[in-house]
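Protein chains: 4
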Amino acid sequence: MVKIPDFNGVFPPMMTPFTLSGDPDYDAHVRNLDRWNKDELAGYLVLGSNSETPYLNETEKLRLIEVTAERAAPGRLVLAGTGLESTRETVRLTNLAAEKGAQAALVLTPSFYSGQMKDDALVNHFRKVADGAHIPVLIYNVPAYTHLMIPVEAVVRLSDHPNIIGMKDSSGDVPRLATLAGSVPKKFNLIVGTASAWYPALLLGVRAGILALANFAGNACARVQKLVLAGKLDEARDLYLKLVPVNAAVTSIYGVPGLKCAASLLGYEGAHVRSPLLPLPEEFRERMKKLLCTAGLM
Amino acid sequence: MVKIPDFNGVFPPMMTPFTLSGDPDYDAHVRNLDRWNKDELAGYLVLGSNSETPYLNETEKLRLIEVTAERAAPGRLVLAGTGLESTRETVRLTNLAAEKGAQAALVLTPSFYSGQMKDDALVNHFRKVADGAHIPVLIYNVPAYTHLMIPVEAVVRLSDHPNIIGMKDSSGDVPRLATLAGSVPKKFNLIVGTASAWYPALLLGVRAGILALANFAGNACARVQKLVLAGKLDEARDLYLKLVPVNAAVTSIYGVPGLKCAASLLGYEGAHVRSPLLPLPEEFRERMKKLLCTAGLM
Amino acid sequence: MVKIPDFNGVFPPMMTPFTLSGDPDYDAHVRNLDRWNKDELAGYLVLGSNSETPYLNETEKLRLIEVTAERAAPGRLVLAGTGLESTRETVRLTNLAAEKGAQAALVLTPSFYSGQMKDDALVNHFRKVADGAHIPVLIYNVPAYTHLMIPVEAVVRLSDHPNIIGMKDSSGDVPRLATLAGSVPKKFNLIVGTASAWYPALLLGVRAGILALANFAGNACARVQKLVLAGKLDEARDLYLKLVPVNAAVTSIYGVPGLKCAASLLGYEGAHVRSPLLPLPEEFRERMKKLLCTAGLM
Amino acid sequence: MVKIPDFNGVFPPMMTPFTLSGDPDYDAHVRNLDRWNKDELAGYLVLGSNSETPYLNETEKLRLIEVTAERAAPGRLVLAGTGLESTRETVRLTNLAAEKGAQAALVLTPSFYSGQMKDDALVNHFRKVADGAHIPVLIYNVPAYTHLMIPVEAVVRLSDHPNIIGMKDSSGDVPRLATLAGSVPKKFNLIVGTASAWYPALLLGVRAGILALANFAGNACARVQKLVLAGKLDEARDLYLKLVPVNAAVTSIYGVPGLKCAASLLGYEGAHVRSPLLPLPEEFRERMKKLLCTAGLM
Chain A
264 MVKIPDFNGV FPPMMTPFTL SGDPDYDAHV RNLDRWNKDE LAGYLVLGSN
314 SETPYLNETE KLRLIEVTAE RAAPGRLVLA GTGLESTRET VRLTNLAAEK
364 GAQAALVLTP SFYSGQMKDD ALVNHFRKVA DGAHIPVLIY NVPAYTHLMI
414 PVEAVVRLSD HPNIIGMKDS SGDVPRLATL AGSVPKKFNL IVGTASAWYP
464 ALLLGVRAGI LALANFAGNA CARVQKLVLA GKLDEARDLY LKLVPVNAAV
514 TSIYGVPGLK CAASLLGYEG AHVRSPLLPL PEEFRERMKK LLCTAGLM
Chain B
264 MVKIPDFNGV FPPMMTPFTL SGDPDYDAHV RNLDRWNKDE LAGYLVLGSN
314 SETPYLNETE KLRLIEVTAE RAAPGRLVLA GTGLESTRET VRLTNLAAEK
364 GAQAALVLTP SFYSGQMKDD ALVNHFRKVA DGAHIPVLIY NVPAYTHLMI
414 PVEAVVRLSD HPNIIGMKDS SGDVPRLATL AGSVPKKFNL IVGTASAWYP
464 ALLLGVRAGI LALANFAGNA CARVQKLVLA GKLDEARDLY LKLVPVNAAV
514 TSIYGVPGLK CAASLLGYEG AHVRSPLLPL PEEFRERMKK LLCTAGLM
Chain C
264 MVKIPDFNGV FPPMMTPFTL SGDPDYDAHV RNLDRWNKDE LAGYLVLGSN
314 SETPYLNETE KLRLIEVTAE RAAPGRLVLA GTGLESTRET VRLTNLAAEK
364 GAQAALVLTP SFYSGQMKDD ALVNHFRKVA DGAHIPVLIY NVPAYTHLMI
414 PVEAVVRLSD HPNIIGMKDS SGDVPRLATL AGSVPKKFNL IVGTASAWYP
464 ALLLGVRAGI LALANFAGNA CARVQKLVLA GKLDEARDLY LKLVPVNAAV
514 TSIYGVPGLK CAASLLGYEG AHVRSPLLPL PEEFRERMKK LLCTAGLM
Chain D
264 MVKIPDFNGV FPPMMTPFTL SGDPDYDAHV RNLDRWNKDE LAGYLVLGSN
314 SETPYLNETE KLRLIEVTAE RAAPGRLVLA GTGLESTRET VRLTNLAAEK
364 GAQAALVLTP SFYSGQMKDD ALVNHFRKVA DGAHIPVLIY NVPAYTHLMI
414 PVEAVVRLSD HPNIIGMKDS SGDVPRLATL AGSVPKKFNL IVGTASAWYP
464 ALLLGVRAGI LALANFAGNA CARVQKLVLA GKLDEARDLY LKLVPVNAAV
514 TSIYGVPGLK CAASLLGYEG AHVRSPLLPL PEEFRERMKK LLCTAGLM
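Residue numbers (my numbering), protein chains in the order written: chain A, 264 to 561; chain B, 264 to 561; chain C, 264 to 561; chain D, 264 to 561.
Excised from the complex, chain A in its bound form (with noise of 0.2 Å):
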């Protein structure tokens, strides 16, 4: 197996640029890139839930994983989302992503037939993947999305596969995040996945986010681990308190299309959504500008 550092520092699940005609824009993702690599980031995540993966075919996921792994800055993780509902797919497609230069896999738990999903289908279904998967795995729960929470009892029973070398936690649960930090060996990687939690989650010892905020505020993202780790809560604390609203419109609120406004609004490349995705009307860009000039990010 792959081995790759433990997970330490921020990723942006990264937004994908569309034309307007709904092509994925290729060269807007290299300049947002560009960009990127000069935020204090520790890598990228291809093919998250604010990539609008759900509307891309396989041509343009491994595309698109292609072109990140060629750009990002060296030292830099690159990872995929690589998640199906069938098992046997979703192998397929971590094993496409590795050539294409994945480092490591993020997958989704199955949820369509959920009243089927309990812990043993789980399970197994994670089990079959790192077992046939070229990479290292990471385990993705994101209930706001699959209406499904992993148990911790899963979770624990997963943790020591070989290839399954960490989670992402997307359910802004703080005490279940404690309660995993209880259950999991250290060298698991647990991964928080929303900046709502990202202060909380910190001084639960956890070291990497996955953050849609860091699609355009990579570096204060980064701002609020360093004060942790030097000891300035304070600090870090009020620094985070400014971001949650940013993060609720640009997630909870407002979703992708906000996600997008706002990163353009600070010289990323937001560009258009896609179909059924309809764009932010004109009228909240005013409210989203003066949301980021609160926090201090413009």
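Note that these hints are calculated values from the structure, not bench results. Heads up, a few of these hints could be off.
Copies of the same chain look alike in the list, so a pair counts if it works inside one copy or between any two.
[Said to hold, decoys possible] Mimicking DSS-like on lysine-lysine, the simulated pairs with C-alpha atoms at most 30 Å apart in a straight line are:
| no. | residue 1 | residue 2 |
| --- | --- | --- |
| 1 | Lys-450 | Lys-495 |
| 2 | Lys-553 | Lys-449 |
| 3 | Lys-266 | Lys-449 |
| 4 | Lys-449 | Lys-495 |
| 5 | Lys-449 | Lys-489 |
| 6 | Lys-495 | Lys-505 |
| 7 | Lys-450 | Lys-553 |
| 8 | Lys-489 | Lys-505 |
| 9 | Lys-553 | Lys-381 |
| 10 | Lys-552 | Lys-449 |
| 11 | Lys-505 | Lys-381 |
| 12 | Lys-450 | Lys-363 |
| 13 | Lys-363 | Lys-381 |
| 14 | Lys-552 | Lys-381 |
| 15 | Lys-266 | Lys-553 |
| 16 | Lys-552 | Lys-505 |
| 17 | Lys-450 | Lys-301 |
| 18 | Lys-450 | Lys-391 |
Once you have looked at the hints, place chains B, C and D on chain A.
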């Protein structure tokens, strides 16, 4: 636009047989079709929720449509589930399905970014799909899987599109069905998507059902409709009440593995499920037999 | 045990008029009763969910029962909602209600400690209440308010208790009602608790409804039943479909303030609501008038 | 208005001991108080969610407040849960509680007519209660029981009322707590209502917790706070992580029966629960012992 007859009668959302190694067993599917052709069915749905559709790749999907269209008895409608999260991918798949013989498309509500899938986004999606599709389109509402309930208001807005000819509602929510029945034009095909609401739906004027149960009890389902039309309500109700517990077992309780188990017990080819679904534990087989006997199906 | 006739027909869960200063307006209640006595109703429910019962103290509750029992037309059943969270308090209130003239008690599922209210706890509660009550007991299932759905299995266990004579199910879940109808003894009074399911329920063999709508449209509700019994299903259905939107307005959409507004428009005394409920904004009155006209109630 | 000091430290939401026959065991309550008086606690909450409050009648409620106020060690705050569904009844009970010695009132969000309990209704309710109450008022948000989450916006509107001095938030939702902390005035007492969020809350600047766990582990809870204040974060976190599984057992998993079992094992008087709660099965006692040992509490 293609013109197809109004929907009337029972359609199975066909299960997909897999070999032990996990490949689609097209021969078994053909044998099932030969048997279903003798059941009192109005047509077939390929790639419904009970078909393990989210586990199939595009090649497999198209082959299943093709095989079904070739083998379906003359006069039986062939529907295909072609809904994907992305609008353009849905159009593309729908038109490929049409080429393979699908006569109408059942289009799932997109649901991944559920927070953004408000009325306007849904209406826009379905209109674009209907505009681009070479065959008529039916809306497919199945909140058990999508965690999204398309609002009645959105359905009403869509019901005047010339290429949106109806909706399959699998919510099992009869008051909602009544509201819909009172709100859409007569020509709009309201189809109930679960046998748990079959008898009440018929009494609301619904004339078609796409019913998991019809994978192995199509004749019983058809008989409920005939009895209602003949005014023999007590008989209709008693038969329906017998079917309700079987329906629960093969849907909400045991899901597709339960459906395939029951179908196998009655001589259809249920065969294997695809991972991450797990086969039903052996002890359940006996319980299912008993249920089928009690219902008079065995 | 007291013996009462089987339930048959329509009962209003009576709204409670309040004066502007927030006191129960017993005189207005009597005037409502005088009018309801002329409507085609089988009896009355005092202290239902539409009675603002959680806002009433015990003195007020008992007085409302007393007034109702005194004024109800001869032969009309008087039911009282006496369910409280505690078993012993429920028994106590039930027996006080009996003294004031209640002929049967509608007992809400306890739900505060919802995580602990499993089958055994619920069965134990209802058995103890039925053992201690001097009048017959009906189970009351209303998940919209309790966020708890009593399992069919628990109802079946309770249905053989000699003093538990039925259940009001306000879930609006018709497949569930069908399952119940197929599972409980014939003598067990299944009562539907919402007009949204009235026509389908009648076709399942249900013979009684406790319907918010009956506060001002008792005759229309009764007519649906008569038409069904006379085999005039199309007429019954059309009338029911007209009532459905009005029912939604006075329950799920605008709640008790909506119910009282509609009742006032039709000459009943809706009067004021108790805080924390807020009166309906004025502009809604016009919308309600239109709804009532469309439904042929005005 | 009465002036009370800012909240700082740990408060148990006291369990209520019952005799085998179901009466409140005031003597056992006094013995508990004698022991709690020696624990490092800042005060007491009578009639919280863990007190089986919905099962108590008014006489019992007032007696419990009286006994607590008499027996509480000097300087310890006595809070009482006085929230009822009705605004006027809440005011009445609050003022009776004040007469018996309650120094501040914890007022549950009304929730029965949840569809109508929008911002305006909640704000109006709390303002009226605070206007009429003779003691300061705290908002109490506990969605696990009320199925209602008071919006941050409503809390902000209420936070400038001179007699609304804070809020207990038992949602366990740390990002929400962070949003609140960033939105309300400094003087507004944000109190965390579950030990599952105790350590993260402290790091957000929260200074008080009303914690079920403090019924039998008040010193451990107080120690987490002391360690945080002393900057010993690793020690604080490790202790917190040990407490988390115990907290889950005595709240979400086994509820009040679990809480009383654990308290009994540690020498407090848990005694019996009131029906419809059922006593914990015997086999659980051993599991609880093990949990308490692992956490270092036994």
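Going down the list of hints, with the structure as the test:
1. Lys-450 to Lys-495: For Lys-450 and Lys-495, the Cα distance is within 30 Å both inside one copy (26 Å) and across copies (23 Å).
2. Lys-553 to Lys-449: Answer is between; shortest inter-copy Cα gap is 23 Å, intra-copy 41 Å.
3. Lys-266 to Lys-449: within (16 Å within a copy, 48 Å between copies)
4. Lys-449 to Lys-495: both (25 Å within a copy, 20 Å between copies)
5. Lys-449 to Lys-489: both (21 Å within a copy, 26 Å between copies)
6. Lys-495 to Lys-505: both (16 Å within a copy, 25 Å between copies)
7. Lys-450 to Lys-553: Only across copies: Lys-450 and Lys-553 sit 27 Å apart there, 41 Å inside one copy, limit 30 Å.
8. Lys-489 to Lys-505: both (16 Å within a copy, 27 Å between copies)
9. Lys-553 to Lys-381: between (44 Å within a copy, 25 Å between copies)
10. Lys-552 to Lys-449: For Lys-552 and Lys-449, the Cα distance is within 30 Å only across copies (27 Å; inside one copy 41 Å).
11. Lys-505 to Lys-381: For Lys-505 and Lys-381, the Cα distance is within 30 Å only across copies (27 Å; inside one copy 38 Å).
12. Lys-450 to Lys-363: within (27 Å within a copy, 51 Å between copies)
13. Lys-363 to Lys-381: Neither: 33 Å inside a copy, 36 Å across copies.
14. Lys-552 to Lys-381: For Lys-552 and Lys-381, the Cα distance is within 30 Å only across copies (24 Å; inside one copy 44 Å).
15. Lys-266 to Lys-553: neither (44 Å within a copy, 38 Å between copies)
16. Lys-552 to Lys-505: within (14 Å within a copy, 43 Å between copies)
17. Lys-450 to Lys-301: This pair counts as within: shortest intra-copy Cα distance 29 Å, inter-copy 41 Å.
18. Lys-450 to Lys-391: within (21 Å within a copy, 49 Å between copies)
Of the numbered hints given earlier, the model fails hints 13, 15; all others are met.
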